[in-house]
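Based on the sequences and whatever the hints tell you, model everything.
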Amino acid sequence: MDCTAVLIATYDFLVRIAAGVTVRFVAVHQQCQPAAQSRKLQSSHWFEPCIKPLCEDTLGTCIDTAAHKWGDRVGWAFVQEGRLCTYAQYKEQVDSLARGLLSAGFSKGDPLMIWSPSTFHWTLMAGAAAKAGVLSASTHFGLTPPEFEKCLTTVDFKGIYIPQPFKIFNYYEMLCSLIPELKDSPPGQLKSKKYPSLRTVIIDSDQSMPGCVALRDLMQGGEADLQAAQKGVTAGDPFTIVFTSGTTGTPKAAVLSHSNFINNVLMYDQRAKLTQETVMCNPLPFFHVYGLSVVLARTLVLGAKAVVPAPAYDAAAVLKAVQEHRCTELYGSPTMFVDIINSPLRKQFDLSSLRQGESGGNVVTPAIRSLVREKLHVNVRVGFGTSELTTAAIVTSNDDPDDKQLNTVGRPLPGLEIRCSNQYSLNRLS
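Taking the numbering used here, the leading residue of the sequence shown gets 1, the next gets one more, and so forth.
To be clear, the hints were calculated from the coordinates, so they are not data collected in a lab. Where is the CB? At the ideal position from N, CA and C, for every residue including glycine. The reader is advised that the hints may include incorrect statements.
[Unchecked claim] FRET-style restraints, in silico, Cβ to Cβ:
1) Glu388 / Thr275: 24 to 32 Å
2) Pro165 / Ile51: 48 to 56 Å
3) His68 / Lys150: 38 to 46 Å
4) Lys194 / Val255: 17 to 25 Å
5) Asp314 / Asn422: 38 to 46 Å
6) Thr365 / Pro186: 48 to 56 Å
7) Lys183 / Ile341: 45 to 53 Å
8) Thr365 / Ser103: 23 to 31 Å
9) Ser107 / Gln80: 39 to 47 Å
10) Pro146 / Lys183: 16 to 24 Å
11) Lys375 / Ser107: 47 to 55 Å
12) Ser370 / Glu92: 24 to 32 Å
13) Phe166 / His45: 45 to 53 Å
[As the list claims (entries may be wrong)] Below are the DMTMM-like pairs computed for lysine to aspartate or glutamate, each with C-alpha atoms no more than 25 Å apart in a straight line:
14) Lys375 / Glu324
15) Lys252 / Glu147
16) Lys183 / Asp156
17) Lys320 / Asp350
18) Lys193 / Glu173
19) Lys375 / Glu417
20) Lys194 / Asp156
21) Lys193 / Asp156
22) Lys375 / Asp350
23) Lys231 / Glu56
24) Lys194 / Asp225
25) Lys52 / Glu388
26) Lys320 / Asp339
27) Lys375 / Glu277
28) Lys150 / Glu388
29) Lys167 / Asp206
30) Lys108 / Glu173
31) Lys108 / Glu56
32) Lys273 / Glu149
33) Lys375 / Asp403
34) Lys167 / Glu149
35) Lys193 / Glu147
36) Lys193 / Glu149
37) Lys108 / Asp217
38) Lys183 / Glu147
Laid out in structure tokens, this is it:
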């Protein structure tokens, strides 16, 4: 047995990060003297080797490949919308919408904001933008107009996609409050004094709204050469902009490339080991990179099925989705898991199909992991990372020792190099 150090990011490490203080990694050696203190610092730097080469596909290529490999299989179930979509159907609709975007004047690199709850059309817009080379972006569907305005001043968007009113949110009226010229503009020819780059507002509505291009019209496609546009997109090109850090401050724009988005899920899967039989219950919002990765990358790249309970999180909808679609994995933030477990409706549903839980996005304490094991009878896979890396950089595995699964956030993903530094001097900890 060699002396290779296996880097374990402890719960203490995660708590320290959340608290904004200096953090450290703990290295556990296979051959070392028993330490009086189990969390004694051994190393602050680690590189996890990767034996598989990076994938050079774009998301558009993944859409085509998935349709070819799994065409008639259902890849998505939007429970509250009552919609099932196969991989072949997804490609067909994405291609039509991509041609519609190109015909409407969008071109490679044009930023397009998706301001919407988590719906099927959200995924179509993101997929179509990726195929056409348009740079999609997303932010919290519940932003107020002043909050959304900060996004508009951060990126020079050419277009904005909005849905019909959802709950208390009337997106069209909120946009009109920010862009008074919208109601008097011809569709696709917006001229805003405050946002001069903005030309097109796309709305998903059965009614024609002044100044807006209807999504249903774009879905008819157009004469644009999608094949040529798709050939011009490379793995290193930007795929999406995620507005992040909204829970700790003003959201900042993180840009992810196609390569970043796709390779992260491939490296992640070396730990998670999803299969085409995996049915993922995903109540996570698509504007968050975690939910986005589940609904697009794990489906299109890995062939797993995504079940979306509702456009916004609802514990009862999650329980219903797990039972109706026999979900094998349940994803969510720590607070979602606690809410689901504490739901008075939980015992009314059959959750016996579940084989795995997965959580991240905040501190997943040992107590929460133990609670999920006790009440839902599944282990919890925990990830920790940043939006800039596309979700997880460090993940636990069911192959890890049990105490590590309960008390750590695991090991770095293959190919990642991690160093903990002093937050002020940036010097490596020693």
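If any of the earlier hints don't hold here, list their numbers in rising order.
-> Violated hints (numbers, rising): 8, 9, 12, 19, 24, 30 and 32; every other hint is consistent with the structure.
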